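Number of protein chains: 2
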Amino acid sequence: MTKKTSLKDIAQTVGVSTALVSYVLNNQKENRISKLVAKKIREVAEELNYRPNQIAKSLKTNKTYTIGLVVADISNPFSSSLARIIEDEAEKFNYTVLFGSSDEKPQKARKLISALLNRQVDGLLISPPEGYEPQLAELQNQGIPFVLIDRYFPDLKTNYVALDNYAAIHKAVQHLLDSGYERVGMVTFHTSLFTINERKRGYLAALKENKIPFRKTWLKELPIDASGSAIAKAVDDLLRGPKPVDAILFASNTLALYGLQQINALHLNVPEQVAVVSIDQAESYNLFRTPITYIRQPLLEMGQVATKILLESIKKNNTTTQVNLEGELVIQDSTRPVEIIVSPTVPVG
Amino acid sequence: MTKKTSLKDIAQTVGVSTALVSYVLNNQKENRISKLVAKKIREVAEELNYRPNQIAKSLKTNKTYTIGLVVADISNPFSSSLARIIEDEAEKFNYTVLFGSSDEKPQKARKLISALLNRQVDGLLISPPEGYEPQLAELQNQGIPFVLIDRYFPDLKTNYVALDNYAAIHKAVQHLLDSGYERVGMVTFHTSLFTINERKRGYLAALKENKIPFRKTWLKELPIDASGSAIAKAVDDLLRGPKPVDAILFASNTLALYGLQQINALHLNVPEQVAVVSIDQAESYNLFRTPITYIRQPLLEMGQVATKILLESIKKNNTTTQVNLEGELVIQDSTRPVEIIVSPTVPVG
DNA sequence: CTGAAAGCGCTTACAG
DNA sequence: CTGAAAGCGCTTACAG
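Line by line, the protein sequences give chains A and B. Counting with the UniProt record's numbering, you get residues 1 to 349 for the letters of the first sequence. Counting with the UniProt record's numbering, you get residues 1 to 349 for the letters of the second sequence.
Keep in mind that the hints were calculated from the coordinates and are not lab data. Predicted model only: the values in this text are computed from it and were never measured. In this text, a Cβ means the ideal position worked out from N, Cα and C, and glycines have one as well. Keep in mind that the hints are not guaranteed to be accurate.
Below, simulated DSS-like cross-link-like pairs (lysine-lysine); rule was C-alpha separation at most 27 Å, straight line [claimed, not checked]: (1) 4(B) x 57(A); (2) 8(A) x 57(B); (3) 39(B) x 111(A); (4) 308(B) x 111(A); (5) 60(B) x 57(A); (6) 211(B) x 108(A).
Looking from chain A toward chain B, a few residues come up when the C-beta cut is under 10 Å (computed) [as the list claims (entries may be wrong)]: (7) 19; (8) 23; (9) 54; (10) 81; (11) 87; (12) 142; (13) 288.
Turn these sequences into a full structure, and let the hints guide you.
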């Protein structure tokens, strides 16, 4: 390995102090430095293929220009899409991002964040697991800048950017009812996460306002790490029996993915036999024979706004910014109104 | 912000030197340090909520325990799945990963890698864009440990882990021909990337060995950043005209995703009207009405092996390891043999 | 216009 | 068993 060249090396070959080299390469005090020396310094730096050691710089300046991103699972499209947006936004400000997956486990998130903080990240973007309030409060006490993303805790006064889940789901259910569906089921997670419970609340409220008596068999609440077969089973339960639901609302992309597979397996036509709405968009929905109505999460805005708030907060950490974004209901064929269905056996292909 | 506690703080409150504190907290020279002092030091460290400053440590030891991951696009499921595997593998050795997306652009990759190197990553995992040989050679000259992943350059003696693309595609085409399909088309990318061209070579070789005269209208080569509609158009071309293909091989998950959408749009039945094979698996394929035959990329092995080679190479950078992994052909309904199709109008749902 | 010097928070030979 | 000291590669008041 060719030895890395340092400021000192440049200083020595040019015959000046490291201070001067530092000033020149950081474009500081430009007016006070002789153009000739500056030119020479830049030339030598180029020649020796100088790379500033960001680690040394960080030690001195207490800034790493690195942010930590904690998601549930980077391999989930929701997380990776967000990661990409955050990467691009951070890059605009010369920030780089370290990431990690919590797998919805507070212990893992804790360990991860600890590793990120040891590396002196300037701040964190966190999609926290259930029950993570205490650690977040701790981060606040330590004055560490962070922004929650997608999820937040109403009792904690933190920065966050999330979907207005209540309104989004309410709108979706209202749309189903307006379209003539009467027995709307929901597949969601059983968790204490506010975000997820807001979805349930929106669902129940919409039913109530429309004077539809809710039946508890319509609501399937699964563990947050539910397997594909558990999800399939829940969908199966909703669709069998004497009084099956005529519409299903999926509370996440994973639920929809496995749910739709089960609907495929049952050879049911959408929306003739069951209407479908999902939260989150996924490219994969396009492969389903009927285009799926979904609540579009404003991922671009979510990632960009969260990154901006974080970078602001890193500069001067004194305000709290909370943003609830509106979800757009993208209406497609999977919720076609009941009335205009011409025949119950519309060709499928 | 409560001031961070340093080794010095601990040393002062305990009344010892920072050297001693460092030894104790790093479990060094254990036999030479009095148990009492060691205990006291640990207690105070705990009490003051000490976090080692990894930046300072790195400056001294020249190790950051961070690796850089450069993919084409972190939001692509192929990349994000790999990222997750690498994250998990790296974590076992207390490494954290910084990532970035190159968007298939050498300039962007270069800038990214430069940023990662300035942060003193211990090594790099790179899925390089087309034409990246010169920069890789440069990295080698500088003695920077790296491993190429998914893609490599045959003329460059570097570490790499990739699929044996030739063999995998050859196997897939042979399977199609064995199943009775005779006019096998391929949708791939037009690029100088060896990996991609190996796929084309496997396709052409399999046709030749089976004495099938290749027609150039069967092969669609798209720009690597082709839009969904360009992909749809290519599929359309293959399937229209007097002599359409009866099977299509998609050379990537993105191509398959848009290609299948177009097949949906054309209301064609798979495999009755056109058989389909794809490289890469994607959860989304499950939403297609016919389960898709695909070449399973050994992602787990790819990510794990690449990470291991990199960590080895970081320890002592003196050997070159090149690994070609075998792809498994997962045969599903989309390539059902022509002979056993009972009726041309099998029900679809 | 330029340099000597201190210091960021650690590690690690070296001396005792 | 323990400490004083040098040094990793930078930045930045301060002095001239």
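- Message: Checking hints one by one. Is residue 81(A) an interface residue toward chain B, by the C-beta closer than 10 Å rule?
- Response: holds (5 Å)
- Task: For the pair supplied as a hint, residue 308(B) and residue 111(A), confirm whether the alpha-carbon distance does not exceed 27 Å.
- Result: OK: residue 308(B) and residue 111(A) at ~22 Å, within 27 Å.
- Message: Interface hint check: residue 142(A), Cβ to nearest Cβ on chain B, cutoff 10 Å. Holds or violated?
- Response: With a minimum Cβ separation of about 6 Å from chain B (threshold 10 Å), the hint on residue 142(A) holds.
- Does the alpha-carbon distance linking residue 8(A) and residue 57(B) stay inside the 27 Å limit? With a Cα-Cα distance of about 21 Å, the restraint between residue 8(A) and residue 57(B) holds, given a limit of 27 Å.
- Straight-line alpha-carbon gap residue 60(B) to residue 57(A), limit 27 Å: Holds. Residue 60(B) to residue 57(A) sits at ~13 Å (cutoff 27 Å).
- Going by Cβ atoms only, is residue 23(A) closer than 10 Å to chain B? violated (19 Å)
- Item | Holds or violated: residue 39(B) to residue 111(A), with C-alpha atoms at most 27 Å apart | Distance ~24 Å between residue 39(B) and residue 111(A) Cα, so the pair holds.
- Straight-line alpha-carbon gap residue 211(B) to residue 108(A), limit 27 Å: Answer violated: residue 211(B) to residue 108(A) is near 56 Å, above 27 Å.
- Could you grab the alpha-carbon distance between residue 4(B) and residue 57(A) and see if it respects the 27 Å cut-off? With a Cα-Cα distance of about 18 Å, the restraint between residue 4(B) and residue 57(A) holds, given a limit of 27 Å.
- Query: Once the shortest beta carbon distance from residue 54(A) to chain B is found, is it less than 10 Å?
  - Reply: holds (4 Å)
- Item | Given hint residue 288(A) near chain B, where the shortest CB pair must fall under 10 Å | Check passed: Cβ of residue 288(A) comes within 4 Å of chain B, closer than 10 Å.
- Message: Hint validation: residue 87(A) versus chain B, beta carbon distance must be below 10 Å. Holds or violated?
- Response: holds (6 Å)
Violated hints, in rising order: 6, 7 and 8; the structure is consistent with all others.
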